[in-house]
Each structure stands twice: as structure tokens, then as C-alpha cells.
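Colleague: Protein chains in written order, with my numbering: chain F, 558 to 956; chain B, 533 to 987.
Please keep in mind that the hints were generated in silico from the structure rather than gathered at the bench.
Please note that a few of the clues may not be correct.
Mimicking DSBU-like on lysine-lysine, the simulated pairs with C-alpha atoms at most 30 Å apart in a straight line are [unchecked claim]:
1) F/K564 to B/K968
2) B/K580 to B/K595
3) B/K642 to B/K586
4) B/K574 to F/K605
5) B/K937 to F/K587
6) F/K587 to F/K564
7) B/K574 to B/K593
8) F/K605 to B/K901
9) B/K886 to F/K605
10) F/K605 to B/K540
This is what each chain is made of:
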Amino acid sequence: MGRRIEKSLRALFDRGRPHFEDKGRLSRLKPFYEATETFFLHPAIAPKNKPFVRDSLDLKRYMSIVLIALMPPLFFGIHNTGFHARNAAGLSTDFAAVFGEGLLIVLPIIIVSYAVGLFWEGLFAVIRRHPVSEGFLVTGLLFPLTLPPTIPLWQVAAGITFGVVIGKEVFGGTGRNLFNPALTARAFIFFAYPVQMSGDAVWIAVRESVENGINAVSGATPLALAALADPKERIEAVFADNGYAFQTLFFGNHIGSIGETSTLCILAGALLLLVTGIASYRIMAGALIGALAIGAMFNALASPDLPAWFSVNPFYHLVTGGFAFGIVYMATDPVTAPGTDKSKWIYGFLIGAIAVMVRVVNPAFPEGVMLAILFMNIFSPLMEYTETRLRIRRRIPNV
Amino acid sequence: MKTLSVKKGLPIPVAGAPGPGIEKGPDVSSVAFLPEILPAIKPRLLIKEGDPVKIGTPLFKDKNNPALLFLSPGGGTVSDIRYGHRRAISRIVIRTDRTEDHEPFDPVDKERLAAMDRTEVISALMARGLWGFIRNLPYRAIPGPDETPASIWVSLDPSDPFQVPSSVYLEGNESVFAFGIRVLERLGAPVFVCESLGSEASHEAVAPLVTHRVAGAYPAEDPGVVLYHTKTSPRENHAWFIRGQDVLLLGQGLSSGRYPTDRIVSISAPQEGNGASIQTGRYVKTRVGAPLASLASLAGAETAGENRRWIMGGLFRGRAVPKDGYLGLRETSLLIADDAGDPELFGFLRPGLKKPTASRAFLYALHRKPFAPLTDMHGEERACINCGKCQAVCPVDIMVPFAYKSIYAGEIEDALAHGLLDCVVCGLCSFVCPAKIELAETFESTRHAYHQDRI
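Please build the complete structure, drawing on both the sequences and the hints.
Modeller: Have a look at this one:
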């Protein structure tokens, strides 16, 4: 069966290939043809140079593993979105109905993100005559998962356009970008359209009727509550009063951006990334330590004159907002993180520390993970440079 | 004796290791010399097609160093001189006759050797065609006459799969080996003999000669790696090295008065589907410059069939050779591997229980059983994503992505500071790279260009 499909696919692609070769009518669209062909039929190419054997790991596999690691938060996010939508509308919340509802809300966002992003990715691939990079498949899925479910689709399109073009392609494309493209896209939407990205009215998407499209129902996220909490209150108590006990925050059955709510599902993804060695454990561990250390430091400073966030148990930082999602999937992007081992620890530590610092100290931004990662993206070349210079100095010169 | 352990590198579990015994190779009707594969040598021919030659008759000399001669490995008639890319001489073929006379040389015994000074030893080695077995660091080229190395390294057991281990080639040759070491000692630098820990190298006769024992995965025993991990100052960078089996030829060549042609070669043809345990490999006693087809026939039926790649000199550092090719001067290993086959449906989504990898991204990581090599890129070239897998395996601690990008940007000084000249071209960075970038090739060609500039 598999053999037969393989054979007929190969025949199909062989028939199409001449049109995309150098003299074919569609030669400019070669990147698209190649991307499609190699998606179905993994190429077998003999090495031109030594070594004559190569590792089975390639970027297709590499990025597929990241995509698989995104599946738990994705599926949970779809279910969670559907649940809150039907719950707010007073409809039944049995699994199938909830999941279907979630799909109807989330799938269009993902489709727009992929379609518009792929258009730009492909356009640059055609102009620059390079293959379409697999990294885009990750960007195109990461971005929707960081958005609230009520996001207008045209904003998704605008965001991914900004992320791919300004965040990546103007720097020279994959491997040369300074900022994580998915986060750049989110930052653009966050600052350009704050009304649709923050506040209490964006987190629950209720589809009332086809004519009215998706409406929003009010509901405050844990971070919004925390930012408004009275300094004399304990944040833990505020959370518990509003139905955000630690377990709820950890399991993720609460409102928030589509993919960020369930720390448990994100941990499952993190486990896959670490077991397969695709993401850097140094960055994740560094961020964890950074957040807990700064959280503990703020605990020591806490007083009734300061915001209530100061006194929160630092572990709450790990399960609220987009912290876990950002640390596991965004901070570990190898292109925008430093490529040297010690710098990875420092980079991770500072992301964790700055994220918590923004949350606790700056009342203008209830969430700090996105800003922390983008901020540290800027410093990663400098950290690399410093560490490489220090290590070169330890070498015995050989010139 | 020093013991050192090299942490980086990579164990390469390749199936089909050669069997224990040594077989006698078939008689050959022609032998050849391959000038093309000696980097930095510019040959000037001393014979022409149709000339009669004996074993040991000079075939050509080096234009840059006319004292350096390369001799015929066979006696008979020069039947073919073939040119390759840019008129480089790719092979000089000698059709052997039945008698195969030898050019006579003065035998050198221990007493005479002790009386010779350094220049006399060097000119003797050059005149007798033995100098080509010695290479220099960092360029891995045949040294010039004026070079003065800080040390001379002998590597007993190259760990690139599959080379002939010292336990095989030293058997019965202990005294010749010891004499070869004496010859090296006359070259004015301390001689270090490296043995791999865990190999059964130590023959009692040569055990006292061993100075370094090296533990670690491929390519821990490489002289460049050992030098990198033992050097204490830049003065030690410039060194010479020679492989153990070549020390035998050095000793034989001076002591016997004949140009030595004995070689023990490993041949293996592991194939997918035979199962990992199948013994296809052989050690074969043959001669310098033997035709490959005669050797491959010994590896049996596994060599049949199309889509097989013949690799001479190791999977990681060798060269692809045609089926009508010949053994090069220093080459002692022939590996016949399956060539890349057909594209695979959704290849990147398979669990990959049988997809060899150094990473943990396939289920292969659960067993890491020996695999039959497949000459396949397993993917297409992409931009570097800075994943760092290359620098994690580099045995000489080069920060590979940064060194590579320095070369890419034309900053040679930067690449040198990163340790470009410490690179031993083991090929592990190219092996692990998920973006399929030709890292080792880039380093080697850049270093070669730098070397040519400096000559």
C-alpha cells in the first residue's frame, strides 16, 4: 500500500518537475514545487564530499519535533477555547461540542497565519531563489497560540506579515534573524492593536450567529487580576476567590491566550523537546531559576506599600500567563538564542528574571515574558561575542 | 607513559568490521601510483608511457623540492599515464612483468643509521620514496626539506572505521617497526607513539615504545587531536606524524635495500538487510598500488549490484573511488557502501528505529546498534540555525558555527583565531549538522588555500 502510494507520487512529481526546472514555464516557482515534493518524498541525495555518511537528523525532522511538541498545548487550547465559549453562552459543555466549537474558533486563526505567512515566505524564497525553510511551519503555529481567541483574522494576517517580513526576511531570512519571528508578530499586534490584545473583553470568544461573527464576553485573566490587586491582599487569595487556584492555573482550564493556559500540556511538550535534545535545557533551566530567584527576592522586599505581586509565592509566576509557553517554545529558538553554552544559562536566567520583574514592578504591562525574550534576543549576539572571545583567549594560538 | 582521555568526538558503530585473520590477496597484473591524492605535491614526470621500470624506479619528483622522489611500486612497463581535472596526473599505471626486478639501494643497519646525521637521513628517505609517508601538522601535507617539527607522532590505531589495527599489522614485524622508530628518532625531534586504550595493540616488543595512551571515541587517537590536548605552547603547533603501518615501510625501506611494497588492507562491504552482525570484512595482504577490483572480489557477493559507492581511506576522511581505481600511497582501507536509494514517503515523520543518528531525535537512539553505512545526506542543505550540534562533537573544541561564519564572511584571521589550523578534518561536524552544511569540507579547503598562500 505504502509502496504503491510512494510510486504513484513519484510518478506525479516526475511529470511535474520539467515545468519547474530552469527552462520550464514555472521555473520561478521552483521553491514551492520543491517544498511540496520533499514534504511527501523525503529526498535521498548522495553526499558530494566526505564524510560519506551523514546523520539522519535534518531540519525537517528537527522542526517536526517542535511541531509535535506543540500539539498538547494546541489541542488543549482548542478544547479550552470551546469550553469557555459554550460555558459563557450557557450551552452544553460535552466534549465533542466543546471541541468542535473550539475548532471553529481556532482553526481559522491558524489557517490565516499559515496561509499569509507562507505567501511571504514563498515570495522571498522565489525572489532570493532559496528553498522554503521548514522553520516557518513552527512560526506559523507558534504565533496563533499566543493570541486571544477573539483576535480579528485581519490582525492575524497583519501580525504574521510583520513577523515574517520585518522579524525575519529583512535580516536575510532564516538563520540570520535577530528576533523570534512569532514573537515579533505578537509584539506588533500587541502594541498596534492593544484593544484586541489585552483587557478583560478579549479572552472568551462566543459565536452568536453567522452575521454577528465572533463576539467577546468579559472575563479577567489571572494576570489582570493580579495587576489590580490591592497591596494589602495576598495574590494567592485573590486568585483562589476568582477560581484560579494553583491547580487550575497548572492544568489550564481558565481563560487566556489560546495555547498558553495549560502549564501541564506545555510541560509535556518541553519533555519531548528535552528528551529528543531539540531544545536547550540550559535555557529552560536558566529561565526557571531566574524567575524563582527574582520572585524570591521580591518576596523579601514585599511591604504593604508595594504592589501585591511582590509577596506572591514565586511558583505562581511559572503557571500564570505565558511564562511556560514563552520559556519552552520561544526562548529556546536556536537562531535567536546565543549559540554558546554558558551564555545560554545567562540568557535563560535573565529572561526569567526580566519577565517576573516586568510583571511585578511595571503596572503598565501585566505580562512580561514576550518583552523579556525580545529584549534578550537583542543581547544574544553580544553574549555570543563575549563568550567566543573569552574562549578563544584560552586557546593556544595556532596561526 | 602519558594517558589522556578525549571527551568529545563520537563513537561510530558501523557494522561489518573486518574479520580477525589475514588473507593473502590475489596476484595482480598491474599496479599504479596516484600523484593526484598527495596535496601540495607538483609532480614532474621522470618516465613516459612505454618505459620499462623496476620496483623502486623514480616515477616523478616534486617541482618545489626536486630531491623528493616518488618510486614505482611495480616492475614492468609504464602502460598508462592518465590526467584528471586541470591536467593533474591522476594515475601512473605499471603493467607488471613476471620477474619484477628491484632497484638496488644500500641497506642501512643500526650502526650506519647511528652514524648518519639528520640531513643524510632526510635525503635518504626522499631518494628512496619513503618521505611521502610523513605528514606535517597543521596542514597534513608532505613536509618540505627545511621544516623543523617540534615533535613526531606515530599513530598506531586510526579509529576511522575501518582501518587496520596495530594488532594485525605488527604481528611478526616488531623488529622492523622498532627500526622504523629509530629512523624517525634521527629526524631531530622527540618521537611519540600513541596507542588507543582498549585496543589490543601492545605487542610485548613494541610496548616499551608507546609514550601516549589515548582514551575516547573517534577521532581521539588522531595525532592532531592528541597534539591539541597535550601542547602547552604555540611552539609545539608544528609537528610531523606518520601512521603505524607506514613506519613498517619506513623501516623496511631503509634496512632491506629495496623499495617496500607490502601492505595489509582492510576491505568491508556491509549492506543493509544482511543484518548488523554479518561479517563481510577481511584483512588482506596485498601490495602498494594494487588494483581495487582485485581486492573487492575478496569481499564476496556483497559487492555485486548497482548503487554501491566505493570509498578509499575511511568513511569520514576518505575519497570516493572508481571501480577501476588503485590503492593510493598511504591508503589501507576500502569500504563499499550502499549509495542513496529512493526518496521515502514522509521520511521525516517515521519513528526511525533504524535511522542512524548521533542525536536523540529518532528511536534509533534507544539501541544505537551498529549500522550498515548508507551514503545519503538524509536531507537537504539549509541555512545554519545555530543549533550547536557541531561544536558539541568537535574533538579540538572549535566553536564550529562561529568559525564557519567567519570563513563565510571572508574573515580568515577570525577563523584562525577560532582554531582553523587545529581542525583535524575528522568530518564529525558535517556528519551531525541537521542543516547539511559542508563544514569539514569548508575548513579543509580554506586551510589548503591558506597553506598554498604561505608557500
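Colleague: Does each hint fit the structure? Answer for all of them.
Modeller: Structure-based check of each hint:
1. F/K564 to B/K968: holds (26 Å)
2. B/K580 to B/K595: holds (17 Å)
3. B/K642 to B/K586: The hint holds at about 27 Å.
4. B/K574 to F/K605: Holds, at about 25 Å.
5. B/K937 to F/K587: Roughly 27 Å separates the two Cα atoms, so the pair holds.
6. F/K587 to F/K564: holds (22 Å)
7. B/K574 to B/K593: Holds, at about 8 Å.
8. F/K605 to B/K901: holds (26 Å)
9. B/K886 to F/K605: holds (23 Å)
10. F/K605 to B/K540: Judged against 30 Å, a Cα distance of about 26 Å means the pair holds.
In the structure shown, no violation is registered for any of the earlier numbered hints.
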